[in-house]
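2 protein chains.
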Amino acid sequence: MQAESFFSENIRKALKNDPPGEWMPAVPHECIRLHSGYPDPALVPYEQLKKAASDLLEEERDLPLHYLGSPRINALKKQIQDRLSARGIHSSDDELMISSGACQAIDLIARILIDDKTAVAIESPSYMEALEIFKNYTPHIMSIPSDEDGLQTDQLESMLEERKRKGLVLPRLLYTIPAFQNPAGTTMSAKRRTHVLQLAETYDFLILEDDAYGELGFTDFPPPLKAMDQDHRVLHVGSLSKIAAPGMRIGWITGASKFIRALSWFKKDLDHPFSQTVTAVYLQQTDFNERLAVIRDTYRTKCAVLISALTQYVPESVSWHVPKGGYFVWIKVPGADTSALLTQALSQGVSFVPGKYFFLDPQDGTEFLRLSFSYADKNSIVKGVQSLGSILKQNVRS
Amino acid sequence: MQAESFFSENIRKALKNDPPGEWMPAVPHECIRLHSGYPDPALVPYEQLKKAASDLLEEERDLPLHYLGSPRINALKKQIQDRLSARGIHSSDDELMISSGACQAIDLIARILIDDKTAVAIESPSYMEALEIFKNYTPHIMSIPSDEDGLQTDQLESMLEERKRKGLVLPRLLYTIPAFQNPAGTTMSAKRRTHVLQLAETYDFLILEDDAYGELGFTDFPPPLKAMDQDHRVLHVGSLSKIAAPGMRIGWITGASKFIRALSWFKKDLDHPFSQTVTAVYLQQTDFNERLAVIRDTYRTKCAVLISALTQYVPESVSWHVPKGGYFVWIKVPGADTSALLTQALSQGVSFVPGKYFFLDPQDGTEFLRLSFSYADKNSIVKGVQSLGSILKQNVRS
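The listed protein sequences derive, respectively, from chains Z and U.
Numbering (full-length UniProt numbering) for the first sequence: 1 to 398.
Numbering (full-length UniProt numbering) for the second sequence: 1 to 398.
It is possible that some hints are incorrect.
Any copy will do: because identical chains look the same in the list, a pair fits if it lies in one copy or spans two.
[To be verified] Within a straight-line C-alpha distance of at most 25 Å, the following computed DMTMM-like cross-link-like pairs (lysine to aspartate or glutamate) qualify:
hint	residue 1	residue 2
1	K78	D231
2	K13	D116
3	K13	D204
4	K117	E4
5	K135	D115
6	K135	E367
7	K166	E9
8	K50	E60
9	K135	E9
10	K164	E4
No wet-lab data here; the hints were simulated from the structure.
Using the sequences and the hints given, assemble the complete structure.
What follows is the structure, given as structure tokens:
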């Protein structure tokens, strides 16, 4: 029996274009993990979640362990609505759905909107997992450059104008991470936010706003695109992964009710009553604004430690963007092939993510690498950058 | 903005054919819930899961709360492999994946195999959620009748022969619940099991074996189809929902590694580290064979209570199948419209599922209804059947 002959046509194409598993080499356990997009272990509220799970099952017994869980699932929805509301996003019950993290949310949105005749626009560089998801649905992906102010909306406009003039397929969806971007760390300026919403109306596309880092601004947070979305063109995706615990898999989508209804219909893993109700109890038992202040303080400090180590230990030709929030510092190493450097770095006890994974055309990422200040502790960050610095000194043009 | 214009073509078709939300009317809280496919509340191990969650987080702290969780995720896989192995299914690590319950497993399998040019065969009646999933992918669904011995494989063969002769599209996948079927409660005979595997080879299709009730035989369990699957044509789907707690959302798929690899690639909710590791600890701390013996005893007794109440309280013309395992009794009420009867039943404090939901053509289910002995307690089962009996007496031909 030939397994391949049973795959549906699109799946066969997707598997052919993108053989699964092309990803980072294994990072040895003893390495300083500057590649990791994990939260700081000390900020993962395991004691509180333990208490929440225990209190929940003590009080509600089998209830949260059935298919539909307990009414506390609605409490989680309400808590998310309240948090969004404080940021200018007002969503009714039928405009919000819980997902298993942001990844499932992005996949579901692609599922209902995108097929192989449809196009998606992404900012470049972009979150690799989203890139992989879109590749599963369509070969038509357009990459729009970004700079210190995020997505270059004038470039997006030129692209749209040109394609319209030539009668080419226009994107149905733009995927963007406007706040504290992964991997670039940049934040879209207010002017560009207004511009991109205008373009969505003019050229009739939707925006998938991936807001996974949106509340992780060191000093302030810009209002999300969704808060400015008069024409209901934004599907806003959020997650507790970066501010609570990724292992709980709690994310959400807010948008026009017609989209939410379709998304719910195609979400066939049912819900996750246990995770969701434990999380609801955790949020009930926590002053989350206070908690977020601690989280932001921690990452601000760790980011400063990373930046200061970079200043001290890497060659002058290496440059980076200083982020105002999030988890990542995006680094340019002129003339380097960061994939090759990674092998050396791993053997010397430090990891990073080579730039190539964040681009539609991997070549565009050769000189770049992503460092994370979220997971490693401050001493490790300094030691890691020291090691990295000495590798870079041997490898870059000065 | 017109939301509909953004949906991809297939999704637009699926939404048009099957408007979401066509499902059971709300069941009042005080009703005796004979419609429910929930496990018995007394059999949901909430105390043990509470202890498991607590022990896990005490010992491993933040580890199981990160994206990849702790090594205990592999322990869960190993535990499932061991249980499958005891039933004659030997799967290596790359032949097994964990899913969020059986529903996500069925959806993922449909996702990689089925598109609108591909056909699926199902036994009739069948699990409504699977039916809804397949309808999301293809309009080509073929319904094969079943009787007391399960799927009528001779009818399947005739259908295949005829379609082949006429040059019509043949099914790529057969969906079946061979053990203690939902809703019919029937079990496929040994002879038919051999036959269906032969047909799969001859007519080159795959079999999705939904084994959600496979370990819930009251006296013995037949070996799964997968245990007889020489030609690697069976994708075996299992779940802990019916024997532990559905709210943990633990299911799995075993099959040829090429399928498992593709399924993993398209499963974009990542994994569920917290649920999975808590479950792994629960299984570690439990003698699960002993546990299963208790569960089977309980359901055997409750089934007997239901059957005895039926014998006592419903009119003679009403007939049913006595199941040898599982959760359900499938009932024929000659001349009745069970959908109409439900309204009356709900107002008199008892629920059931009308037959129409389990058929491709709802008309075929008009005279049928599904009762469940899993959720309600024994006294409630008797009271519920009494109420149902008096409603039926007023409504059936005698």
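To see whether the hints hold, each was checked on the structure:
1. In the homo-oligomer, the alpha carbons of K78 and D231 lie at most 25 Å apart inside one protomer (24 Å), although the nearest pairing across protomers, at 50 Å, exceeds that limit.
2. Taking identical chains as interchangeable, the C-alpha atoms of K13 and D116 lie at most 25 Å apart whether they share a chain (10 Å) or sit on different chains (16 Å).
3. Proximity of K13 to D204 under the C-alpha cut-off of 25 Å is restricted to the inter-copy arrangement: shortest distance 22 Å between copies versus 28 Å within a copy.
4. With identical chains, the CA atoms of K117 and E4 are at most 25 Å apart both within one copy (23 Å) and between copies (16 Å).
5. Taking CA atoms no more than 25 Å apart as the test, K135 paired with D115 passes in both settings, with 10 Å inside one copy and 17 Å between copies.
6. In the homo-oligomer, the alpha carbons of K135 and E367 lie at most 25 Å apart inside one protomer (23 Å), although the nearest pairing across protomers, at 47 Å, exceeds that limit.
7. For the homomeric pair K166 and E9, the shortest alpha-carbon distance between copies (24 Å) is at most 25 Å, but the shortest distance inside one copy (29 Å) is not.
8. Taking the closest pair of Cα atoms, K50 and E60 come within 25 Å of each other both inside a single copy (15 Å) and across two copies (11 Å).
9. Proximity of K135 to E9 under the C-alpha cut-off of 25 Å is found in both arrangements, the shortest distances being 14 Å within a copy and 18 Å between copies.
10. In this assembly of identical chains, the alpha carbons of K164 and E4 lie at most 25 Å apart only when taken from different copies (22 Å versus 38 Å within one copy).
Going down the numbered hints, you'll see the structure goes against none, and every one checks out.
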